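There are 2 protein chains.
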Amino acid sequence: MKHLKISEAQRVIFESVAQLDAEQVSLEQSLGRVLAQDILANRDLPPYDVSAMDGFAVRSCDLATSPATLEIIEDIKAGDMPSMTVAAFQCARIMTGAPMPTGADAVIRVEDTLEISANTVQISVSVKSCHDVRPKGENMRDGDVVLTAGTEITPGVIGVLATVKAATMQVYRRPRVAILSTGNELEAMNDPVDPNKIPDSNTYALMAQVQALGINPVMLGIARDDPAELEQYLRLGLNYDVLLVSGGTSVGVHDYVRPTIEKLGVSMKFWRVAMKPGHPLAFGVMHRAAKVSEADAVQGAKRTATKAYLEDRQGSEHRATQQCAASDAFVFGLPGNPVSSMVCFEEFVAPALRRMMGNPRAYRRTVTARLAHPVKMRPGRTEFIRVQLSCDDAGYLASSTGTQSSGVLLSMARADGLLVMPSECTGMKAGEQVTVQLLDGTSFQEYTGFKE
Amino acid sequence: MKHLKISEAQRVIFESVAQLDAEQVSLEQSLGRVLAQDILANRDLPPYDVSAMDGFAVRSCDLATSPATLEIIEDIKAGDMPSMTVAAFQCARIMTGAPMPTGADAVIRVEDTLEISANTVQISVSVKSCHDVRPKGENMRDGDVVLTAGTEITPGVIGVLATVKAATMQVYRRPRVAILSTGNELEAMNDPVDPNKIPDSNTYALMAQVQALGINPVMLGIARDDPAELEQYLRLGLNYDVLLVSGGTSVGVHDYVRPTIEKLGVSMKFWRVAMKPGHPLAFGVMHRAAKVSEADAVQGAKRTATKAYLEDRQGSEHRATQQCAASDAFVFGLPGNPVSSMVCFEEFVAPALRRMMGNPRAYRRTVTARLAHPVKMRPGRTEFIRVQLSCDDAGYLASSTGTQSSGVLLSMARADGLLVMPSECTGMKAGEQVTVQLLDGTSFQEYTGFKE
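Chains as they are written, first to last, in numbering that gives the first Met the number 0: chain Y, 0 to 451; chain B, 0 to 451.
For reference, chain Y alone in the conformation it holds in the complex:
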């Protein structure tokens, strides 16, 4: 079977997934979502020329001779309207954001002034017209498109939304995601410890990777290697927008996932990807027409409800899913190996989920770093090495988190990022420049990292 390149596999996925429909959310719930509508300014801001400083509104021409002594004729707070006109050698005390009085054309900040009496101020600096005045409409003009559909809602964007009084807005809805682990060897969280079994970590690592994208997944539990049980779980899972199945998709004779899922109407675009850790990886699409009927799904849900370990922090979201989503369902068959499953999620599932949420930024941010030590490599597959990042004057230094066995999840737990070794590489020396994908949890660092 041909090994696809990572970019080829990503292209196959992106040809299938599209942004989901829009929904209305409140400003308080909008962080991290993506706008599905343009946002217009609803007024000029500032609504008039305003002071940029706490100080005195003056006529700049009065300051030509220094020091100038000016009469204070009024006191203008932010939120007040000025009542007087500033004439020659007069000024008004003014607060940041307060409207400029007629006659005045500049502001002198209070630090540059000397109040010599309650109604007299001495100013020794001279400024040009408009100094420290923010002109009407500098921020935005009524009717301007201030934010376009497709914008990710960051805190800065929320500030702008509040500025135009957008209490609610259309955003692309989040995909509903279900997670299923498979395998007789797995021990569920609530099971007693059995030394002959392997605790199911994939359900939770995947849960967290999905949560990190702002989505609360539903965890279906563990399906044993039994075609009937597997079918029951898969039927339930296909009722969601995205179903993540870990384990059971390799070439072993006991893997029932692939045939069962195809039987349920999923068109599988199986592949092996030339990456390490990674394959086997499977991707399939169930088009709407072929989707399990609502009745079937609800029946399936009832049948498994007592067995499945359903976890849903947003009950209403779960119930909505039970009512059947209107778009295609996508299935990712992920490796059973914990690290491989997480890396495949990062490279394929996260970009797909981000795309479904309407975000043009689908991939993890990358930084360049120097290798702290040599790395051996057998060319042929792109390798992802779990690394920690440290920083010195020359920038980032990347060091392996230790054993890179794909069974050792601690190497992932300790990682700041994934160092990407290109497939044709035959190894790298200490000090060579490399690319590192930042992982979740690394948007902060222990040092400011800049020079004041």
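Possibly wrong hints are sitting among the right ones.
Put simply, identical chains are the same to the list, so a pair is met inside one copy or across any two.
In the BS3-like style, the derived pairs of lysine-lysine whose C-alpha atoms are separated by at most 27 Å in a straight line are [stated by the list, open to error]:
no., residue 1, residue 2
1, 4, 268
2, 275, 4
3, 428, 4
4, 450, 428
5, 4, 196
6, 135, 196
7, 450, 268
8, 450, 4
9, 275, 127
10, 135, 375
11, 127, 375
None of these hints come from the bench; they were simulated from the model. None of the values given here were measured: they were computed from a predicted structure.
For chain Y, the structure is supplied; the task is to place chain B on it using the hints.
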């Protein structure tokens, strides 16, 4: 008044704030939290030597002559225990993760084998002992400390927690944060549009900045420039761990925040920081003994409940706060200017909140970039320029988001990061290397950014 350096102001804050007490959370709610306990392995993993591949468990010595034809004596699935011993020129079909049978010492993956009948396989490769075998305890050994207190809970860490069956764990609790805007000029979200007023964006931008750290803040609303009203709001706000007050802390004569807050028992460590945008910025501490009494606080809450725009997505968290927190309260007086307020939050409030949550990584991650255009600068204050990042073969390119007026919030909404211009800098040329702090919402990019 002396202008502190940014690092000096940060030091003052870090001398006051400490990590909060611990609380128990479930694995499902633990993402982004920080462990307040060490986590021990509860068994050896893998519990025995297991196969790293789907294939055949063999005696490596049998493969010395190629091809070797071996009898398949058993079929071992993951979760099964082998029942037979592999003797000379025998092998067992084995799945990834399944226990190695006695006698076998290596695994040949199925792709490198040829099944010539139902119970005979031909193998043409030769391998060393232990090939594709994961030894017992490779992942972790019973009793090992696998995660230490102070570890941020990322998806990889959650995988490890699930592996040791940690269904709940101690984490540092999140600070309870209240947000207050001040100023007569402000128009609340629910008020009708008044062209003479300025919509209150700071409440929401700060809300989102707090949310981005995983904390649901309580928004107290807008206090008018009236000492009695301000006192009522501040009393309420001081019942939280952290109170963010925007506006009203500058040197203008109408600023009542400082005297009122001191009257309420807060020891203010005011400063001006040598940064742009930024000052004025205030920081104060109310020690526990001086804290407003519970009765006072509840009374205050009742008085303002009808006026304050209380927003709390976690009702229970809010109620807990009403019962009064056990630690010191911290007050940040932030500039009224929207961009200044957000930048001060990033440089001072976010690190403090991260520290309170027990996270050693307090500061935003930085990347190096080249300037896309020259930047003028008047030395004396560290400047933060809002920039967008693009990427070419030589790395990141930083371009200004446009007007850098601190009133223009759109420049922040469009920014990927804050370019930090050191205070002694007199300007920079296009192409010069600069440091950029990544902002929230930039942990993803539009391109993979690596070479396969």
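Now the hints, each set against the structure:
For the identical chains of this complex, residue 4 and residue 268 are intra-copy neighbours only, at 14 Å inside a copy versus 57 Å across copies, given an alpha-carbon limit of 27 Å. Within a single copy, residue 275 and residue 4 get their C-alpha atoms as close as 12 Å, which meets the 27 Å cut-off; across copies the closest is 47 Å, which misses it. Proximity of residue 428 and residue 4 under a CA criterion of 27 Å is satisfied intra-copy only: 25 Å inside one chain copy versus 40 Å between copies. Within a single copy, residue 450 and residue 428 get their C-alpha atoms only as close as 30 Å, which misses the 27 Å cut-off; across copies the closest is 18 Å, which meets it.
For a Cα distance limit of 27 Å, the shortest separation of residue 4 from residue 196 qualifies neither inside one copy, at 34 Å, nor across copies, at 57 Å. Taking the shortest alpha-carbon separations for residue 135 and residue 196, only the inter-copy value of 13 Å comes in at or below 27 Å, while the best intra-copy value is 69 Å. In this assembly of identical chains, residue 450 and residue 268 lie within 27 Å of each other by CA distance solely across copies; the values are 24 Å between and 50 Å within a copy. In the homo-oligomer, the alpha carbons of residue 450 and residue 4 lie at most 27 Å apart only across protomers (11 Å), although the nearest pairing inside one protomer, at 41 Å, exceeds that limit.
Proximity of residue 275 and residue 127 under a CA criterion of 27 Å is satisfied inter-copy only: 21 Å between copies versus 64 Å inside one chain copy. For the homomeric pair residue 135 and residue 375, the shortest alpha-carbon distance between copies (25 Å) is at most 27 Å, but the shortest distance inside one copy (62 Å) is not. Taking identical chains as interchangeable, the C-alpha atoms of residue 127 and residue 375 lie at most 27 Å apart only when they sit on different chains, with a minimum of 19 Å there against 64 Å within one chain.
In this structure, only the earlier hint numbered 5 is contradicted, and the remaining ones agree with it.
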